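Visitor: Keeping their order, the protein sequence lines are chains A and B. Quick note, in our numbering, the first sequence goes up one by one and the last residue is 344. Quick note, in our numbering, the second sequence goes up one by one and the last residue is 344.
Please keep in mind that the hints were generated in silico from the structure rather than gathered at the bench. Please note that the accuracy of each hint is not assured.
One copy or two, either will do: identical chains are not told apart, so a pair holds if it fits within one copy or between any two.
[Said to hold, decoys possible] Computed list of lysine to any residue pairs in SDA-like fashion (alpha-carbon distance at most 20 angstroms, straight line):
no.	residue 1	residue 2
1	LYS196	GLU72
2	LYS196	ALA77
3	LYS82	ARG26
4	LYS196	SER74
5	LYS306	TYR279
6	LYS196	VAL76
7	LYS98	GLU72
Everything numeric in this text was worked out from a predicted model, so none of it was measured.
There are 2 protein chains.
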Amino acid sequence: MRIAVDAMGGDHAPAPIVAGAIEALRADQSLRIILVGREDVVQQALGQVGSLSPKESERLEIFHCSQVITMEDSPVAGLRQKPDSSIVRLWQLLAERKVEAIVSAGNTGAMVAGGLRLRRFLPHVSRPGIAATMPTMQGPCVLLDVGANVSPRAIHLYQYGVMGAIYAKHVLKKEKPTIGLMNVGTEEAKGHDLAKETHAIFDSSPLRDQFIGNIEGRDIHRGVADVVVSDGFVGNVVLKVCEGVFDFIMRVTATELARHLQLERDRAQQVIHQLVETYDYSSQGGAPLLGIDGICIICHGASGAKAIRNAVGMAARLAAARLNEIIVQELETSPLTAASVEVG
Amino acid sequence: MRIAVDAMGGDHAPAPIVAGAIEALRADQSLRIILVGREDVVQQALGQVGSLSPKESERLEIFHCSQVITMEDSPVAGLRQKPDSSIVRLWQLLAERKVEAIVSAGNTGAMVAGGLRLRRFLPHVSRPGIAATMPTMQGPCVLLDVGANVSPRAIHLYQYGVMGAIYAKHVLKKEKPTIGLMNVGTEEAKGHDLAKETHAIFDSSPLRDQFIGNIEGRDIHRGVADVVVSDGFVGNVVLKVCEGVFDFIMRVTATELARHLQLERDRAQQVIHQLVETYDYSSQGGAPLLGIDGICIICHGASGAKAIRNAVGMAARLAAARLNEIIVQELETSPLTAASVEVG
Numbered sequence: 001m002r003i004a005v006d007a008m009g010g011d012h013a014p015a016p017i018v019a020g021a022i023e024a025l026r027a028d029q030s031l032r033i034i035l036v037g038r039e040d041v042v043q044q045a046l047g048q049v050g051s052l053s054p055k056e057s058e059r060l061e062i063f064h065c066s067q068v069i070t071m072e073d074s075p076v077a078g079l080r081q082k083p084d085s086s087i088v089r090l091w092q093l094l095a096e097r098k099v100e101a102i103v104s105a106g107n108t109g110a111m112v113a114g115g116l117r118l119r120r121f122l123p124h125v126s127r128p129g130i131a132a133t134m135p136t137m138q139g140p141c142v143l144l145d146v147g148a149n150v151s152p153r154a155i156h157l158y159q160y161g162v163m164g165a166i167y168a169k170h171v172l173k174k175e176k177p178t179i180g181l182m183n184v185g186t187e188e189a190k191g192h193d194l195a196k197e198t199h200a201i202f203d204s205s206p207l208r209d210q211f212i213g214n215i216e217g218r219d220i221h222r223g224v225a226d227v228v229v230s231d232g233f234v235g236n237v238v239l240k241v242c243e244g245v246f247d248f249i250m251r252v253t254a255t256e257l258a259r260h261l262q263l264e265r266d267r268a269q270q271v272i273h274q275l276v277e278t279y280d281y282s283s284q285g286g287a288p289l290l291g292i293d294g295i296c297i298i299c300h301g302a303s304g305a306k307a308i309r310n311a312v313g314m315a316a317r318l319a320a321a322r323l324n325e326i327i328v329q330e331l332e333t334s335p336l337t338a339a340s341v342e343v344g
Numbered sequence: 001m002r003i004a005v006d007a008m009g010g011d012h013a014p015a016p017i018v019a020g021a022i023e024a025l026r027a028d029q030s031l032r033i034i035l036v037g038r039e040d041v042v043q044q045a046l047g048q049v050g051s052l053s054p055k056e057s058e059r060l061e062i063f064h065c066s067q068v069i070t071m072e073d074s075p076v077a078g079l080r081q082k083p084d085s086s087i088v089r090l091w092q093l094l095a096e097r098k099v100e101a102i103v104s105a106g107n108t109g110a111m112v113a114g115g116l117r118l119r120r121f122l123p124h125v126s127r128p129g130i131a132a133t134m135p136t137m138q139g140p141c142v143l144l145d146v147g148a149n150v151s152p153r154a155i156h157l158y159q160y161g162v163m164g165a166i167y168a169k170h171v172l173k174k175e176k177p178t179i180g181l182m183n184v185g186t187e188e189a190k191g192h193d194l195a196k197e198t199h200a201i202f203d204s205s206p207l208r209d210q211f212i213g214n215i216e217g218r219d220i221h222r223g224v225a226d227v228v229v230s231d232g233f234v235g236n237v238v239l240k241v242c243e244g245v246f247d248f249i250m251r252v253t254a255t256e257l258a259r260h261l262q263l264e265r266d267r268a269q270q271v272i273h274q275l276v277e278t279y280d281y282s283s284q285g286g287a288p289l290l291g292i293d294g295i296c297i298i299c300h301g302a303s304g305a306k307a308i309r310n311a312v313g314m315a316a317r318l319a320a321a322r323l324n325e326i327i328v329q330e331l332e333t334s335p336l337t338a339a340s341v342e343v344g
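Build out the structure end to end from the sequences listed, making use of the hints.
Guide: Spelled out as structure tokens, the structure:
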């Protein structure tokens, strides 16, 4: 399994990126990792992670490139103006099948735009979508799209449902995943035109038995659906709102516990610290861009080494599970595929 | 100050609604309250709240109506098929200026549709919006719209910014409130067409000094903006996601603290309980439907007596603050008003 990692992408790159990639390399002997970035910078970061065994070194490569698309760069302009950037090179490596998977914590918009520009989508997929895993009372659920496609059509949302259900089954291990449509109320007639059209497509699709209809914002964390389908604008806002609320509540709770406890104050702070570790959105690894021919994992800009290690691990698992082949098969046998390709 | 309260609306109506209304009546001697609902049902609920003094009884009235729009009713069909429902009667009382304010925890869609049907909007307002107050690290902020208008135009969002800023100044007491536009990234070119158009309007408006541009989901609870402008679809999802995340985290935290603490376990549970009380979205009182000629407060379906008491108190404060007059003045002097009326 060959995985290219964007050594330059992320708020704290390259140190935690390189450290996380090396941790993943050490944990899985079947991995070959290509660190993409400025060679001197990457070498320096590598110097900080401790020496590698000869066997480990054999599985590591640096792919030098001279440019970086920053968080501030406009995605499209960045791709055009920086042809030798790590993000452009990642996509080329994937397109040329020199790697099975790519991982980046860099400019999300540029990563997505890079994929869209190549148009290496899976057969029958009109638009890729980013799938984020969220904790719920009933175990993890997958929310998609969280930002690849801010103005989708209904058929795109249907395809997100198909891909999300496959992801939930094969990665989250839900036997027959339920699918909910993000909306402002549970009644069928709720929401804007896009929501109503999407509801109608699901209702007459092969997924209708798994489709539980509209769900509301508060249903996500209750675990009402294994797959939550949303346009990329709403999904992105939801994902980041969760992060903000979590951070807010954990701070307030820590302060209040410190104020009111005495004997077990430290113990309580450890509990809070552990919860932050467990649920912190910036350590969650990454979110796959589903619908791409290849595996692409997009990480939180604030990713640390642990998040990158998890993201590389996820990339390896998705590639090994042949998730993309299953998606293509499922969409191939779907009566809606013809329509989706036509209007997509 | 005369306030009509929907005695029939809410998941637990009428008992907590009537109890909350009576608490508000007792707390503010300038209030006159009209309980709107089936007389026998309301009388029975009144029997449970303890006897009123003659002076209190003088300030209380029951407005009998025979029907109820339930949570399951379609808003538009409900209004048409149930002309003697409490929600229809509330709007009539407001339209006939028999009350200054109306309060309901009933079917939100029907409440909004009732207001839209009457079209008693403030001059220069194209569409009313629901304004929800949210806690942040920097004190409360106001998010609007949270569900009245799921497919708005850019000019509607601009008007929400105007009304939200007035609300933040006069109710949340922010001297010069900052306004952020809900989006998927902070860069100006981010988001869908609606977001870009709205950004452009704010940038060339009298509010441009207060407009801080796009904000992301995680910025809300950081308190980055005093006013968060959003379409009603996104705002509704955000509000309910916050509720869901909060509920989820508080449960998980309570469980973990119970598991790891011993001596101060009870004290820690009290702290969590107190936080739930403080931040619980269903006890927050209500959210005003801004842009209506009159005061309309929409409460959470799960509202208890405390939430209703707070909502009635809020209605009284908004009426006393002459918020609507300020909104009209502000929109009148805005160079965009002509345009807004034209395209509204």
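Visitor: Look at each hint and say if it fits the structure.
Guide: Right, here's what the structure says about each hint:
1. LYS196 with GLU72: between (36 angstroms within a copy, 18 angstroms between copies)
2. LYS196 with ALA77: between (35 angstroms within a copy, 18 angstroms between copies)
3. LYS82 with ARG26: Neither way: LYS82 and ARG26 sit 32 angstroms apart in one copy and 69 angstroms across, limit 20 angstroms.
4. LYS196 with SER74: Between copies only: 15 angstroms across chains, 33 angstroms inside a chain, cut-off 20 angstroms.
5. LYS306 with TYR279: within (13 angstroms within a copy, 32 angstroms between copies)
6. LYS196 with VAL76: between (32 angstroms within a copy, 16 angstroms between copies)
7. LYS98 with GLU72: This pair counts as neither: shortest intra-copy Cα distance 29 angstroms, inter-copy 55 angstroms.
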